[in-house]
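The hints should help you fit chain B onto chain A, whose structure is shown.
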Amino acid sequence: MFALTVSDFNGPDRAAARLVDIRRRTEGLPSFGAICISNDSGSVDAFSDVCGIMAVLWDGPVVLRSDSTEALARGTLHFSGRDPLLSGGDAVSTAALASAFGCPMAVSVDDITLLPDFPDVPLVIATSPRSMKACLETNTSIRRGPLADIPIMTAGIPPGEYGVSMATVSLMSGGDLIVLEDMDRRSCEILDSAAAGAFRGWVR
Amino acid sequence: MDLSDTERDAYDTAIMWSESGADGICIRLSSEGDAPMVAMICAVTGLPLILEGDPGAVSAAASAVQDSVLILVGAESDGHVTVHCASSCDDASGSGKDMVMFGYSVLGELKRYRSKGLKGDECCKSPAIADIRGSTEDPLEEAMHGLEAMLCGADMIVMSSSMAADMCRFQGEELADL
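Protein chains in written order, with this note's numbering: chain A, 1 to 204; chain B, 205 to 382.
Incorrect hints may have been included.
[As the list claims (entries may be wrong)] Some chain A residues close to chain B (C-beta under 7 Å, calculated; not the full set):
#1 Met132
#2 Lys133
#3 Ser165
#4 Thr168
#5 Met172
#6 Ile190
None of these hints come from the bench; they were simulated from the model. Glycine is no exception: its CB is placed at the ideal position from the N, C-alpha and C atoms.
This is chain A alone, in the form it adopts within the complex (with noise of 0.2 Å):
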């Protein structure tokens, strides 16, 4: 699945005209189900302000980004009973809060091990490749090592061609949630029938 990215930088007003942009590139794309609402901004409450308005004009899945706990505490509170992915801040900091609210949450590779006490969250694994060649090595890793049942969140995808290359890549390469800051409507399109594609059985 693709996810594209709202900020919270320039408030909820703009964040709503984001999500409108979103659904009409989109459009008709099976594979582009979720959004991921980063904050950018630095600030808990811009980043609570437009949870609150993202809870309210989207109800499909979500990934909350955030290098503040207590952003991602104040956001997951508007997504109440939606299991929203909660992506950033401390690990263990993060994965208590994930505990608390029943909340999946994504982790590096380097600090799923210092989560032994929260059996009880799920895990994503959340990778942020530079390149396109750094994406397949990491994902192949993963894929061969002990942690090849958990799923593969691969972050930080750019706009542009280059982008289009390696989302297309991580989701060759066993990437199940995909997270674009931004696309154009033909490269969603062409990043969606790839994943027809990979539906038919050509990952893994």
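Relative to chain A, chain B alone:
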């Protein structure tokens, strides 16, 4: 390229492909009269040629070219490489040809073929060609199809768009040293 075009167009197209950095040219033949043109393209470009189309035309062209190795699809001729167009992994593994070719719609079969070869199946060790022509008219999408073919294990990719080929080359160079 298609040799049903006029001779001049076919020749110019071959030169264009050669100068744009193609590693080979795939030529569709329609008659035995195409043989001299194939020989000329081979001599001028110096590139490996894949010949496909009417088997009689392919055989005739192969006979006309003695100083270069051609890749022949659906035909045989001494001294040239033969290719089997495979519909599945099983089909490919029993072909007995030098190379196997998979279309875009069966890339998953190419991946299975490659996996079996890597696991030691001697019947699945021939070089594999992915033919993604016609899978789309959009160069960006064709480039992504080429990337998919690479990740499925293709050794050679036949594609339509020079822009897509350039993108694929860039992608291939980044992934090559893995």
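Verification of the supplied hints:
1. Checking Met132(A) against chain B: minimum C-beta separation of about 6 Å stays under 7 Å; hint holds.
2. With a least beta-carbon distance of about 5 Å to chain B, the hint placing Lys133(A) at the interface is held under the 7 Å criterion.
3. The beta carbon of Ser165(A) is positioned within 7 Å of a beta carbon in chain B (closest approach about 6 Å), and the interface hint is therefore held.
4. Given the 7 Å rule on beta carbons, the hint for Thr168(A) holds: about 5 Å separates it from the nearest Cβ of chain B.
5. Annotation: Met172(A) was flagged as interfacial toward chain B, and the flag holds, the nearest CB pair being 5 Å apart, inside 7 Å.
6. With its C-beta approaching chain B no nearer than about 5 Å, Ile190(A) sits inside the 7 Å limit, and its interface hint holds.
When each numbered hint is compared with the structure, no violation occurs for any of them.
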